[in-house]
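*Asks:* Order-wise, the sequence lines are chains F and H. The opening residue of the first sequence carries number 1 in the UniProt record's numbering; numbering runs sequentially from there. The opening residue of the second sequence carries number 1 in the UniProt record's numbering; numbering runs sequentially from there.
Don't take each hint at face value.
Same chains, same label: a pair holds when it works inside one copy or across any pair of copies.
Stated by the list, open to error - Here are the computed lysine to aspartate or glutamate pairs in the EDC-like style, where the Cα-Cα straight-line distance is at most 16 Å:
1. Lys402 to Glu325
2. Lys443 to Glu489
3. Lys402 to Glu352
4. Lys542 to Asp53
5. Lys533 to Asp45
6. Lys515 to Glu340
7. Lys405 to Glu385
8. Lys515 to Glu111
9. Lys541 to Glu285
10. Lys515 to Glu472
11. Lys541 to Asp53
12. Lys334 to Asp521
13. Lys443 to Glu112
Because the hints were derived from the structure by calculation, they are not lab data.
One-letter residues, chain by chain:
Protein chains: 2
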Amino acid sequence: MSQNRLIYVPLGGAGEIGMNAYVYGYGPVGQERLILVDLGVTFPDMETTPGVDLIMADMTWLVENRDRLDAIFITHAHEDHVGAVGRLWSELRAPVYARAFTANHARRKMEEAGQDPDEVLTVEPWPETVEAGPFKVAFVPISHSIPESAGLVIDTPAGRVVHSGDFKIDLEPGVGEAFDEAMWREATAGRVRAFMCDSTNVFSMHPGRSESDLGVEIEKLVAGAPHMVVATTFASNVARVKTLAEAGQAAGRSVCLLGRAMRRMIEAAVETGVLEDFPKTIPPEDARDVPRENLMLIVTGSQGERRAATAQLARGKYLGLEMHEGDMFLFSSKTIPGNERGVIRILNAFSEMGVDIVSDDDRYHVSGHANRPDLERMHRIVGAETVVPMHGEHRHLREHAKVAKEGGFQSVVAVNGAMVDLTKATPHVVEHVEADRVYLDGKVIIGALDGIVRDRIRMALNGHVIVNVILEDDAPLGEPWVEIMGLPEVGTSRAPLADVLEEDLNQFLMRAADKTLRDDDKLEDELRRITRKVTQDEIGKKAEVTVVVSRLEE
Amino acid sequence: MSQNRLIYVPLGGAGEIGMNAYVYGYGPVGQERLILVDLGVTFPDMETTPGVDLIMADMTWLVENRDRLDAIFITHAHEDHVGAVGRLWSELRAPVYARAFTANHARRKMEEAGQDPDEVLTVEPWPETVEAGPFKVAFVPISHSIPESAGLVIDTPAGRVVHSGDFKIDLEPGVGEAFDEAMWREATAGRVRAFMCDSTNVFSMHPGRSESDLGVEIEKLVAGAPHMVVATTFASNVARVKTLAEAGQAAGRSVCLLGRAMRRMIEAAVETGVLEDFPKTIPPEDARDVPRENLMLIVTGSQGERRAATAQLARGKYLGLEMHEGDMFLFSSKTIPGNERGVIRILNAFSEMGVDIVSDDDRYHVSGHANRPDLERMHRIVGAETVVPMHGEHRHLREHAKVAKEGGFQSVVAVNGAMVDLTKATPHVVEHVEADRVYLDGKVIIGALDGIVRDRIRMALNGHVIVNVILEDDAPLGEPWVEIMGLPEVGTSRAPLADVLEEDLNQFLMRAADKTLRDDDKLEDELRRITRKVTQDEIGKKAEVTVVVSRLEE
Numbered sequence: 001m002s003q004n005r006l007i008y009v010p011l012g013g014a015g016e017i018g019m020n021a022y023v024y025g026y027g028p029v030g031q032e033r034l035i036l037v038d039l040g041v042t043f044p045d046m047e048t049t050p051g052v053d054l055i056m057a058d059m060t061w062l063v064e065n066r067d068r069l070d071a072i073f074i075t076h077a078h079e080d081h082v083g084a085v086g087r088l089w090s091e092l093r094a095p096v097y098a099r100a101f102t103a104n105h106a107r108r109k110m111e112e113a114g115q116d117p118d119e120v121l122t123v124e125p126w127p128e129t130v131e132a133g134p135f136k137v138a139f140v141p142i143s144h145s146i147p148e149s150a151g152l153v154i155d156t157p158a159g160r161v162v163h164s165g166d167f168k169i170d171l172e173p174g175v176g177e178a179f180d181e182a183m184w185r186e187a188t189a190g191r192v193r194a195f196m197c198d199s200t201n202v203f204s205m206h207p208g209r210s211e212s213d214l215g216v217e218i219e220k221l222v223a224g225a226p227h228m229v230v231a232t233t234f235a236s237n238v239a240r241v242k243t244l245a246e247a248g249q250a251a252g253r254s255v256c257l258l259g260r261a262m263r264r265m266i267e268a269a270v271e272t273g274v275l276e277d278f279p280k281t282i283p284p285e286d287a288r289d290v291p292r293e294n295l296m297l298i299v300t301g302s303q304g305e306r307r308a309a310t311a312q313l314a315r316g317k318y319l320g321l322e323m324h325e326g327d328m329f330l331f332s333s334k335t336i337p338g339n340e341r342g343v344i345r346i347l348n349a350f351s352e353m354g355v356d357i358v359s360d361d362d363r364y365h366v367s368g369h370a371n372r373p374d375l376e377r378m379h380r381i382v383g384a385e386t387v388v389p390m391h392g393e394h395r396h397l398r399e400h401a402k403v404a405k406e407g408g409f410q411s412v413v414a415v416n417g418a419m420v421d422l423t424k425a426t427p428h429v430v431e432h433v434e435a436d437r438v439y440l441d442g443k444v445i446i447g448a449l450d451g452i453v454r455d456r457i458r459m460a461l462n463g464h465v466i467v468n469v470i471l472e473d474d475a476p477l478g479e480p481w482v483e484i485m486g487l488p489e490v491g492t493s494r495a496p497l498a499d500v501l502e503e504d505l506n507q508f509l510m511r512a513a514d515k516t517l518r519d520d521d522k523l524e525d526e527l528r529r530i531t532r533k534v535t536q537d538e539i540g541k542k543a544e545v546t547v548v549v550s551r552l553e554e
Numbered sequence: 001m002s003q004n005r006l007i008y009v010p011l012g013g014a015g016e017i018g019m020n021a022y023v024y025g026y027g028p029v030g031q032e033r034l035i036l037v038d039l040g041v042t043f044p045d046m047e048t049t050p051g052v053d054l055i056m057a058d059m060t061w062l063v064e065n066r067d068r069l070d071a072i073f074i075t076h077a078h079e080d081h082v083g084a085v086g087r088l089w090s091e092l093r094a095p096v097y098a099r100a101f102t103a104n105h106a107r108r109k110m111e112e113a114g115q116d117p118d119e120v121l122t123v124e125p126w127p128e129t130v131e132a133g134p135f136k137v138a139f140v141p142i143s144h145s146i147p148e149s150a151g152l153v154i155d156t157p158a159g160r161v162v163h164s165g166d167f168k169i170d171l172e173p174g175v176g177e178a179f180d181e182a183m184w185r186e187a188t189a190g191r192v193r194a195f196m197c198d199s200t201n202v203f204s205m206h207p208g209r210s211e212s213d214l215g216v217e218i219e220k221l222v223a224g225a226p227h228m229v230v231a232t233t234f235a236s237n238v239a240r241v242k243t244l245a246e247a248g249q250a251a252g253r254s255v256c257l258l259g260r261a262m263r264r265m266i267e268a269a270v271e272t273g274v275l276e277d278f279p280k281t282i283p284p285e286d287a288r289d290v291p292r293e294n295l296m297l298i299v300t301g302s303q304g305e306r307r308a309a310t311a312q313l314a315r316g317k318y319l320g321l322e323m324h325e326g327d328m329f330l331f332s333s334k335t336i337p338g339n340e341r342g343v344i345r346i347l348n349a350f351s352e353m354g355v356d357i358v359s360d361d362d363r364y365h366v367s368g369h370a371n372r373p374d375l376e377r378m379h380r381i382v383g384a385e386t387v388v389p390m391h392g393e394h395r396h397l398r399e400h401a402k403v404a405k406e407g408g409f410q411s412v413v414a415v416n417g418a419m420v421d422l423t424k425a426t427p428h429v430v431e432h433v434e435a436d437r438v439y440l441d442g443k444v445i446i447g448a449l450d451g452i453v454r455d456r457i458r459m460a461l462n463g464h465v466i467v468n469v470i471l472e473d474d475a476p477l478g479e480p481w482v483e484i485m486g487l488p489e490v491g492t493s494r495a496p497l498a499d500v501l502e503e504d505l506n507q508f509l510m511r512a513a514d515k516t517l518r519d520d521d522k523l524e525d526e527l528r529r530i531t532r533k534v535t536q537d538e539i540g541k542k543a544e545v546t547v548v549v550s551r552l553e554e
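Same shape as in the complex, but just chain F (with noise of 0.2 Å):
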């Protein structure tokens, strides 16, 4: 049994701060069981996939050995661990597990992908384990942004490997289990292979706070304001709604919640009992009648996502509720990169109400992530042979090794589809398996190299010609009829731009030899070429083109 090893696959998540999935195996090489650590998505944008609605690993390789599957968990709730499990679990097909909250939410992905939600098992947490074919796995609690978070401490014929999940340091998370480094440093006592580990905030040089220090910010910001109060955060960070709305509630304020999100999260954790003692709340339309000055809404889009409630507040009503001047919007959250655009806009909208908007992200906000300090110190709770850092873009993994190295660990960077080989006194990359991302488009799950989506790039910069030709035994039949989308109609020599091209590419059917009639690529690719070069001439621009020839005969 020499041959039987242990190895670690990053499918997402090592390369960009989204759609995690981990591989973990082992068994003889090639033959590894197999488990699945998470199954996220991440979110598109206008400038590299307009009109995609989620982005997630691409599971080509795990499908194509999914007869060696044995479990996927799911390390908590957040969409970029859990987003995915509906849509890909009916090609993946092994049972799910997770804490009871997490479950809550897997569940419900399941159903909506339609698919049965009893594949997904409620698990409790360390000292309990799941048999997973050679794996032993238990959940052991952490302190993140969200509810029962938890790291894994996965045990294998060839030794101990741990995986922190996401996770912050805090001694008083408010909702959900406090960091215990007593129970952490027993889940991992002994010896551990390695430690893929959270790298999100590798760049942050100081200790994190605790979701505590904020209570009291938030309760005096809130009691100091004379009108209405809205704050928004992740619906996700039920602490931080729980603070939020507890600093209303001190206020003398009756509170609101806005955003179906916000309202299903909570839900869920009043459910599944890790919420307790939430502030009474009152719907919508009871908000209404209530004054302004005794109101606070806690809302959704804190990353100025266009549908959720900070949107639609910031461009007028929703659900009957308005913001007016002398109102106070705080944000309770940080701008996710990218994400700046969509945020600044609501800014400036609420700027024309003459709202009062709070945005003090060290004050009012604190990261569900550790900072440098915070990795430092768990790399040693674990005492790891090896530190592997996982989410985070590659230059947070990039850094994240640096530290473990000048921590006197080993380290390497695995990126996904890298499989590194933890049987090794010195874990390294041994193979590449394929590891790209794929988009689900509307209903249709498309890949991301398909074309389609970079169609739709060129078409945006470019715009669209349509040539229509018709011909008859290979003769034109009448003249060529263009129609343009998302171009000028006028361009420098001051015509139609339409007429332009149906002169030029008229000209050019006139002329054209027999064997060019007769050959639809050729004529195809005559008749782009000329369209080109007019668009380029006329505007300045080389449009995309679609050129649909229609042949009749006698």
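Model the placement of chain H on the given structure of chain F, informed by the hints.
*Replies:* Showing chain H alone in chain F's frame:
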């Protein structure tokens, strides 16, 4: 003449940071003589303006009144102040005044747009003045992140107004004039009706640092680097480019400037005499032969621009130069909100190469704009009755007005298109003129509301389906033909989307009433409706649809 009034009308820059264009007027109501201060551009983004090359203020109102326009004044050579001079001059046709370095740039803009560069006149700084209609205008030197910036002191028969231009308070700006409080006190002595003031950094609470503070830090950093050093900053920040080059020289490195904008800016600065003692540089072809540890590149592209030198180096070779493991890349710059994604892409590409990135923007960068305490100081120096915030998004203008009022000044928030009557003791908005945006799209100027860009965005979000139908004597000839761009080829029914569409459209045509087949509009509407329904059912999104009906007649 009691009806003469003094007015201020921002057409761009008061509601965004960019495309500055401010009008002042003096004379009888509706017949005021006018001057324009600055004529800049702003930059497009994929989210709201895909395919657009530049964004400029809509000059419709000013063009309609151009017989009243006496002059254009350009405060400094940043693109958001001078960038539209060439493109829009032919519509305005008034003399352009600027100081030498700025005039150098304005002339190039004129030449590039095929206009006469001699329309740009070089002016000397205060106490010299330019007379333009009823206006006397003096250019008062002020420190900023580009040489020869000026604020304007504008005298009219109705009194004096002061226009700050972009500025910071820097006593040692490196290149260009230091802030001279005594000069500013003298130039603005006496009654000042209104002070139009830069609002960019109103949310930065600490006093600004001097450019000279950076030199020591950068020198230390470069001296300690073991391999090649590459640094980026704004090309127009001539002082910073010099600081960087001097740090390279002090470390015994050959210095090479990469990127057309960078070389052109330094040339202009040398030509106009604002830059002296710039370290000797070598051309890229020589840089290839210099040992890496003796080389320093100073490059364009600090904002992640795809075609600039930084992005090119992140993708691989640029002019035969490339980055290696252990090289250092310094961002001596700050990422402008909205540009994060592009910059982060570059950070990760460098990380994959093993390049060490330094981007501490507190240590290696200072802003060109006055922070709040410096704004307050400047309010007091100018001592105007009213402070009118400009050069900012709405949130900056509103906050700046608050700050001014707290300092004991009157203030009024005037956004693009708002006409402020400055003659009254308490200035307020008396009218709104049209003040939208226009886009340079390739070589053509289009309106923001023309629908062209909206169509591009729709194609990018929803894909584009082209439906072709040929009718002969109002009866379908053959079957409809569908082309698809930017949509998945196969939908939920697992049949090709084009086939499903053609089938359903054909079914419709076979059964369509003669009345429908004879009516182009009706026929197109029906074909579009069916196409959108099918794409919704199959893909989950309603495609953009172009219908082409060709009618043949016997």
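*Asks:* Each hint should be assessed against the structure and marked as holding or not.
*Replies:* Hints, one by one, checked against the model:
no.	hint	verdict
1	Lys402 to Glu325	between (50 Å within a copy, 14 Å between copies)
2	Lys443 to Glu489	between (35 Å within a copy, 13 Å between copies)
3	Lys402 to Glu352	between (47 Å within a copy, 14 Å between copies)
4	Lys542 to Asp53	between (29 Å within a copy, 14 Å between copies)
5	Lys533 to Asp45	neither (31 Å within a copy, 26 Å between copies)
6	Lys515 to Glu340	neither (56 Å within a copy, 53 Å between copies)
7	Lys405 to Glu385	within (11 Å within a copy, 61 Å between copies)
8	Lys515 to Glu111	neither (58 Å within a copy, 47 Å between copies)
9	Lys541 to Glu285	neither (52 Å within a copy, 32 Å between copies)
10	Lys515 to Glu472	within (14 Å within a copy, 27 Å between copies)
11	Lys541 to Asp53	between (29 Å within a copy, 10 Å between copies)
12	Lys334 to Asp521	neither (53 Å within a copy, 50 Å between copies)
13	Lys443 to Glu112	within (12 Å within a copy, 48 Å between copies)
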